[in-house]
Each structure stands twice: as structure tokens, then as C-alpha cells.
Amino acid sequence: MEQVYPDQQGRYGDFGGKYVPETLMAPLQELEEALDEAMADREFIAEYHGVLEKYAGRPTALTYADKVTEILGGAKIYLKREDLLHTGAHKLNNAIGQALLAKRMGKQKIIAETGAGQHGVASATVAAKFGLECKVFMGEEDIRRQEPNVFRMKMLGAEVIPVSSGRGTLKDATNEAIRYWVANCEDTFYLIGSVVGPHPYPRMVRDFQRIIGDESKRQFLEGEPTLPDYIYACVGGGSNAIGMFHPFLEDDVELVGVEAAGKGVDTEEHAATLTKGDRGVIHGSLTFLLQDEHGQITEPYSISAGLDYPGIGPEHAYLFDSKQVRYEAVTDEEAMDALKLLTETEGIIPAVESAHALAQAFKEAKDMSADKTILINLSGRGDKDLATIMNHFKGEE
Amino acid sequence: MLTQTSFQGKLNKTEDLFIPFIEAGDPTPEVTIDLALKLQEAGADILELGIPYSDPLADGPTIQRAAKRALDNGMSLQQAIELIPDMRANGLEIPVVVFTYYNPVLRIGEEKFFKLLEEHGAEGVLIPDLPHEESESVRELALKHDIEYISLVAPNSEERIQKIASEARGFLYCVSTLGVTGGENQLSSEVTDFIQKVKEHSPVPVAVGFGISTNEDVQMIRQHADGVIIGSKIIRLVEAEVENLKDDSKRHEALNRFYENVRELVE
Numbered sequence: 001m002e003q004v005y006p007d008q009q010g011r012y013g014d015f016g017g018k019y020v021p022e023t024l025m026a027p028l029q030e031l032e033e034a035l036d037e038a039m040a041d042r043e044f045i046a047e048y049h050g051v052l053e054k055y056a057g058r059p060t061a062l063t064y065a066d067k068v069t070e071i072l073g074g075a076k077i078y079l080k081r082e083d084l085l086h087t088g089a090h091k092l093n094n095a096i097g098q099a100l101l102a103k104r105m106g107k108q109k110i111i112a113e114t115g116a117g118q119h120g121v122a123s124a125t126v127a128a129k130f131g132l133e134c135k136v137f138m139g140e141e142d143i144r145r146q147e148p149n150v151f152r153m154k155m156l157g158a159e160v161i162p163v164s165s166g167r168g169t170l171k172d173a174t175n176e177a178i179r180y181w182v183a184n185c186e187d188t189f190y191l192i193g194s195v196v197g198p199h200p201y202p203r204m205v206r207d208f209q210r211i212i213g214d215e216s217k218r219q220f221l222e223g224e225p226t227l228p229d230y231i232y233a234c235v236g237g238g239s240n241a242i243g244m245f246h247p248f249l250e251d252d253v254e255l256v257g258v259e260a261a262g263k264g265v266d267t268e269e270h271a272a273t274l275t276k277g278d279r280g281v282i283h284g285s286l287t288f289l290l291q292d293e294h295g296q297i298t299e300p301y302s303i304s305a306g307l308d309y310p311g312i313g314p315e316h317a318y319l320f321d322s323k324q325v326r327y328e329a330v331t332d333e334e335a336m337d338a339l340k341l342l343t344e345t346e347g348i349i350p351a352v353e354s355a356h357a358l359a360q361a362f363k364e365a366k367d368m369s370a371d372k373t374i375l376i377n378l379s380g381r382g383d384k385d386l387a388t389i390m391n392h393f394k395g396e397e
Numbered sequence: 001m002l003t004q005t006s007f008q009g010k011l012n013k014t015e016d017l018f019i020p021f022i023e024a025g026d027p028t029p030e031v032t033i034d035l036a037l038k039l040q041e042a043g044a045d046i047l048e049l050g051i052p053y054s055d056p057l058a059d060g061p062t063i064q065r066a067a068k069r070a071l072d073n074g075m076s077l078q079q080a081i082e083l084i085p086d087m088r089a090n091g092l093e094i095p096v097v098v099f100t101y102y103n104p105v106l107r108i109g110e111e112k113f114f115k116l117l118e119e120h121g122a123e124g125v126l127i128p129d130l131p132h133e134e135s136e137s138v139r140e141l142a143l144k145h146d147i148e149y150i151s152l153v154a155p156n157s158e159e160r161i162q163k164i165a166s167e168a169r170g171f172l173y174c175v176s177t178l179g180v181t182g183g184e185n186q187l188s189s190e191v192t193d194f195i196q197k198v199k200e201h202s203p204v205p206v207a208v209g210f211g212i213s214t215n216e217d218v219q220m221i222r223q224h225a226d227g228v229i230i231g232s233k234i235i236r237l238v239e240a241e242v243e244n245l246k247d248d249s250k251r252h253e254a255l256n257r258f259y260e261n262v263r264e265l266v267e
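Protein chains in written order, with UniProt numbering: chain A, 1 to 397; chain B, 1 to 267.
Don't read these hints as lab results, they were simulated from the structure.
All figures in this text were calculated on a predicted structure; none of them were measured in a lab.
Any given hint could be a false lead.
[Stated by the list, open to error] Derived pair list, reagent style DMTMM-like, types lysine to aspartate or glutamate, alpha-carbon separation capped at 20 Å:
| # | chain 1 | residue 1 | chain 2 | residue 2 |
| --- | --- | --- | --- | --- |
| 1 | A | K366 | A | E254 |
| 2 | B | K112 | A | D292 |
| 3 | B | K115 | A | E293 |
[To be verified] Where chain A lies over chain B, by a calculated footprint (3+ residues, C-beta under 8 Å):
| # | stretch |
| --- | --- |
| 4 | 157 to 167 |
| 5 | 188 to 195 |
| 6 | 235 to 248 |
[As the list claims (entries may be wrong)] Sample of chain A residues facing chain B (criterion: CB under 7 Å; computed from the structure):
| # | residue |
| --- | --- |
| 7 | G17 |
| 8 | R104 |
| 9 | G106 |
| 10 | N391 |
The beta-carbon is built from N, C-alpha and C at its ideal position, and this holds for glycine as well.
Construct the entire structure; sequences and hints are all you get.
If you want it as C-alpha cells, here you go:
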């Protein structure tokens, strides 16, 4: 029953579609045709898997977190270690897939948007590796928050284009990348970093990220007699979560997506799109988003730049609406506490994004019996967040 | 079924059309009414009334700035539509086409949106992020409420041109170039071929917009199309007078200078 959606129009139930200016309809059509052709070509798939294995370091490990399991005293906790992937987060899976597709389509220039900078770094990395010209659009606020990643992108040869509109975060960077693509779609490939945007992007990014779930399924059954009872992943746009969840959708596993509650879902400062948002169109797709009473998109907030996005991928909107996945929201504070716990007990500094998934999982694991098993997608490592982490724990020493 | 739509009833001619764009609430709601009237005086045949939006994907920096000025003043979709009767009361006779992104329409509800348009005397609507494939329900509602749904075609629309153009209502908006509004334009011979192709399939006047900013551009488009749409350049003329337009004692003079500049652009 897998892959019944999206349909021909790129719909996941009510969600998805192509809400874009007429000028983008042709390049989206061109992309969809090239994508379908590539995904049906064994050589392309083999090349993609080859690069993932020999260059990116797949498969990534599945780690039994024995210490934290013991401390929490509940379910057995496993971590899918996307933090061990080259460049430090799951983003590279997708960037490799799309870069190979760009090359196949004869496009020598790629553009990307980035929030935390992980997708920007992944894009700059594949551009360097495959000899493509790369521009990365990044909000000015994010440039400030994620300085090390800006430096990495520049070292890798990418041009980082600061975006000052709005609050200078991922939403604004995405707007600007789309505007640039409208004007340059003839020779430029837009490498979107999450399961957002107009069809076929949400499907394409999912298909390049589902390797996370496919691998996890195999690895989990090597150590345990059955699939995990619960799987947790953080959700901004939602690419690591879809990548992890998708292969498990038909299984008897409770899937939990974790949004950023920022300073609390009852404050103005959060990025909890499903928990607090409404239906609407953002970046070419019908989904849930944070907006005001007049339909103006509002500015989200999260301590994590990667979750600081007012929309969410349309497939998540569908999974939420059809109750196939449960979505929760955790605050900055809870995420940072989980980050600290994992660091101290397991010797792994997770990305602040991933710490949101950890926080929800830890909260629930405590109350589970010892025969339950849970799997958390550790989507990235925390090296990029050291300044944020130091700032947060300042004064506690 | 109406024999003539309200749009057609208000449109005085079907060629050599001048279609300016202004942003509702930029810089204030009162000034928007004044600007609409000045544009009519300067020869506008259709008014495009822009609804400010937080994330205007099809627009360049000029219209983004206009949207920000209007939003900072609290302008909304409903308030903007409510300006139309005030424009009419002050003498505006040309058709008004409301230009809005789709999300504010979804938020207010499609039915309510079209009811508001009809009740407040708008004649058309243009939604730049709602391509033909996604617009079926909206086009049906538009028809029901006697509102012309304005479609767009782009230079890369190719085989879509025939479908979109043949179903066009009101006027057909030809995007002159790949890009966002307000960019540099090179009106090449390819553009004239494109316009020609669109005209072959369109039952309604074909107007060209995006990046038209000089009198030369206007003259050139006039030779090939039925109308010229000018957005960012008009907004820049507003922007140049923005402080004066907000000042009661200086508004009259500023509006006259705006009028002269618009005349120079289109005469």
C-alpha cells in the first residue's frame, strides 16, 4: 500500500499541490519528468547509493543508549546516528540525491536555502564534490546564529547570500531562493532542503531521505526481535522525520513528530506549526502554517534555527490530519535539558534540533515498561550549536 | 448568464490599455483612494489594487517594500476591498482588479472573498500564486459572482498558453520575462513572438507586465499588445513622494507631481 500518495497533482489528501507563479510551472514539470526518469533508472539509484556509502559514510550506526536507558528506567532507547553522516546531519542524503539529479539534467548551477546552515553546508559540499556552482540564501539572523556553518559554506566555495527581509530566518531565505529561481530557472537547479515547497519537491526529498528509515528498520531487527514500539523525530520542515517515518507507516509502530514549542505554545514565541497553526499556503504548498487572522504568515521562534519555520511539509499535514502520526511540541528549555543529559550520559552532543526529539522521547520513556523499545532519530550533531549551547547554560557552572 | 460582465461594462476600450498597480494602504488608505483617482485622470483604463502580503513570492524588492509599508499600517484583505466603494464615491469609474496572494483568500474563505468583491464593486481578481491547475474552484466562484478571474501566461508556458489563453477572462496578463516584478527588462524580439502567440488564442485583450519602467518600454509594448501593466515603476513614483503624501499640507502638490510623472511615462 506504500506510495499511494502524492497523487498526480502532488496531493497528500487535501495537502500539497503547486501554488506557484505561472513562470515556475514549466521548470517544475521539467523537474518532475527528470525525477521520475531518474528514479526508474537502476544506474541512477546505484550511483546515489554508491555516493552515500563511499563518500557520505552510510549506513550510519544504530546505537543502543544503555546509560540513558538505565537513568530513565523505562523503555530501551536506541538512536539512529545521522549525526555521524558526513557534514554532521541527515541533510546530506537529500543534497546528494538532488545534486546527482541536477547533473543528470545538465544544470551546472545550484541554489539552496538554509536555516541552521546544515542544508547550506550539505549543498555547498555536493557542489564542491560534483563541480557545481552554488549559491546559498540565508537569513541575516541565521547568519548571526550559525556563524561556523557560514564559514564552512564559504570554504567549500559557495556564495552565501544574506537575506534581510522579514525576520531574516528560513522562511525569508526560502522566499528569496524561489524568487531567484523564477528568474534563473533555465540553467539553475533549486536544491530544496526539506519536504516542503511545490510538488514534486516534498516527494523527492522524502524519497532521498527514506534511507534513514529503511536502514533503521533493518538494523533494529538485527538487535531486537521486533520493530520499535515508538519512533521519535523532530519536525521543522520535516525531512528527517519523513525520512525516518515513511518506511514504518504501514507497521505497528507509534510515530511521534516533535515540533519546537520555543518559549511555550501559549506564548507568541514558538514554531509549533501543527499544534498551533491553521491550513494555508506557504512556499508553493497547501499545508499547516503559523499565520494571523488576516492570513499573513507570522514569524516563528525557536532556539533551534533548523526548526524555526512557520510551515511544515504537506505530507506531515496529511499524517497529522489523518492521525497516522502523533505530533507533540517541546520547549527550548526541555530540549536543552535533553541535550545535556545525552551529552553527559552517552558522550554524544546532539544538534539542538535533534534534542527536541530526545526531550519528548525521554519524557515518555520514563513511564514505559522495560520491555518497550523506542527509536529516536538523532538527525544531527551539535558542533554547529556550541555558541547557542554555551549561551544557554551560561551561569549554571 | 450575463451577456456582459460588470468588468466589460466598465471598460471603455479594448486596446491601448493602461493598467497601473498600486498597493492598498501604501502609504495610507486615504492616499490609496487619491492615487486611484489620479491614475484614472492620467488615463488608466483598469486599476490593479494590490493586497499587501507578508510573503509576496512573485514580487521584487519594490513591491515588497510597499507591502511592508501597508502592513505596518494594519492593512488587510477585507479593509482593502472596503476601499473600493470610497473610490467609487469619489468618482472612480474604471474596473478594479484585486491582486492578492492566495493565502489571505483561503484564510477569509473563498466564498466570503468573492461575496465581498461583488458587494464592494470590484470587477476582477488576480491571484499570482494560483496557477491554472489549482484555480478551478476559484474560477467557478468568480463566474458566479460576476468577477473576472485574470489569468497569467509566461514566456515558458509553451503548450499551456493555448489552454490558459483560450479560457481567459477580463484581460490576459502576459508576464514579459522570467523573474519577479520590478526587474530589469530586455524586451527582445522573443517577447513580441510570445505576445503574438498569446494573442492568437486569447478572446480578451492581452496586456503585458513585469519590468516595464520607461516610456520607451511602454511605446514598444503598445505596438504589439493590447495593454501595458505598470506596477513597480508606479510604486517607485509613490515611494518618491511617500512623506509628502502622508502630510496633509503637502499631499495636493505631491499628487500633482505623481500625476505628471505618470503622464510622462505613458503618453
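Here is what the structure says about each hint:
1. Of the pairs offered as hints, the one joining A:K366 and A:E254 holds, with about 16 Å between alpha carbons and a cut-off of 20 Å not exceeded.
2. Between the alpha carbons of B:K112 and A:D292 the distance comes to roughly 18 Å, so the proposed pair stays at or under 20 Å and holds.
3. About 19 Å separates the Cα atoms of B:K115 and A:E293, which keeps this hinted pair within 20 Å; it holds.
4. Coverage of the stretch 157 to 167 of chain B by chain A holds. Counting CB-CB distances below 8 Å, 4 residues qualify, and the rule asks for three or more.
5. Under a criterion of three residues with beta carbons nearer than 8 Å to beta carbons of chain A, the stated coverage of the stretch 188 to 195 of chain B fails, only 0 such residues being counted.
6. Using a Cβ-Cβ cut-off of 8 Å, 0 residues of the stretch 235 to 248 of chain B lie near chain A, which falls short of the minimum of three, so the contact claim is violated.
7. Residue-level restraint check for A:G17 holds (minimum Cβ-Cβ distance to chain B is 6 Å; threshold 7 Å).
8. Using the Cβ-Cβ criterion of 7 Å, the hint placing A:R104 at the interface with chain B is not satisfied: the shortest such distance is roughly 20 Å.
9. With a cut of 7 Å, the hint placing A:G106 at the interface with chain B is violated, because the nearest CB-to-CB distance is about 16 Å.
10. The interface hint given for A:N391 is violated, since its Cβ lies 29 Å from the closest Cβ of chain B, which is over the 7 Å cut-off.
Against the hints set out earlier in the document, violations occur for numbers 5, 6, 8, 9, 10.
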